[in-house]
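The sequence shown runs contiguously to residue 305 in my numbering.
Hints listed in this document are in silico derivations from the structure and should not be mistaken for laboratory results.
Every value quoted in this text rests on a predicted model; they were computed, and no experiment measured them.
Beta carbons: idealized from backbone N, C-alpha and C, even for Gly.
Not one of these hints is a red herring.
With a cut-off of at most 25 Å between alpha-carbon atoms, the simulated SDA-like pairs for lysine to any residue come out as follows:
1. 258 <-> 172
2. 19 <-> 208
3. 140 <-> 203
4. 140 <-> 170
5. 163 <-> 189
6. 300 <-> 256
7. 209 <-> 190
8. 272 <-> 228
9. 200 <-> 236
10. 163 <-> 228
11. 163 <-> 204
Here are the simulated distance ranges between beta carbons:
12. 31 <-> 97: 17 to 25 Å
13. 292 <-> 206: 39 to 47 Å
14. 67 <-> 183: 46 to 54 Å
15. 232 <-> 86: 26 to 34 Å
16. 97 <-> 287: 16 to 24 Å
17. 156 <-> 121: 15 to 23 Å
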Amino acid sequence: MNRLEFSVGSEQVGERLDKFLSVQDTGLTRSAVQKLIGDGDVTVGGKTVSKNYKLRKGDCIFVVIPEPTELDVKPQNIPIEIVYEDSELLVVNKPKGMVVHPAAGNPDGTLVNALLYHCRGRLSSINGVIRPGIVHRIDKNTSGLLIVAKTDSAHNFLAEQIKAHSFTREYEAVLTGGRFKEPAGTIDAPIGRSKYDRKKMCVTEQNSKSAVTHYEIIEEFGQYSLVRFRLETGRTHQIRVHSAYISHPVYGDDVYGKAVRGLEGQCLHAKKIGFIHPGTKEYMEFDSELPEYFESVLRKLRTQR
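Whole structure, please, built from the sequences with the hints as guidance.
See the structure below:
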């Protein structure tokens, strides 16, 4: 159980309680804050209040964050594309629309549920019950390659490569916003959680981490471009945030750009990964074909230019 305390200054007077708490450094979304308030886990001056309570100068706010309820993650016979597998790891080509691991809104049907079935539970335990074997993640609506560890030693060995920026991760995406001024470049801009929307990340100097993305143009279609990205760091939503930051949001990104009817999320694919194998100590690299949804977008753009 975590207990937090906040005091209200003159600049926050009149602000709604739920809005005030959602922009504090708590990691809570506004809906999560509202649930805590409704459950009586938030008090002002020792009394429970409503979510739309208007703050007064000097108010003392106490927030109690209960321990998270551990989900019961079960194996499920869900087909997955295995690109490579041995006794220590496997490489999976995740389809667009599949969540990587269970969470409150997605308790099952995830890649982890499928992996537990396929690997008969033999996955690394480094990330706990909810994320067994998961060394790195990609978003629900991003397709492509992921590496999964079967043993703790393999997990640690691979995680160290990611930390040292020696883990190859290349993506391809369709970007909007017109032509680029240069055919290639590097975006070096720190990323942290938005103080206005806790579900979003943004480029910011406050409570952020270094983020570096290298890019090069593969093909241009007037207002759209097919772009290859190479990640030097691996922050949440890094390519999507950096692309929007340079005014070229990913096509179909309904969070950092604009939704596209029928696409169901961004046109972004994790195309290549490369790493030193934890057992053989030899470098391995895997490349995947662009999926049909991606190729369909490219065919459409090529006919329109």
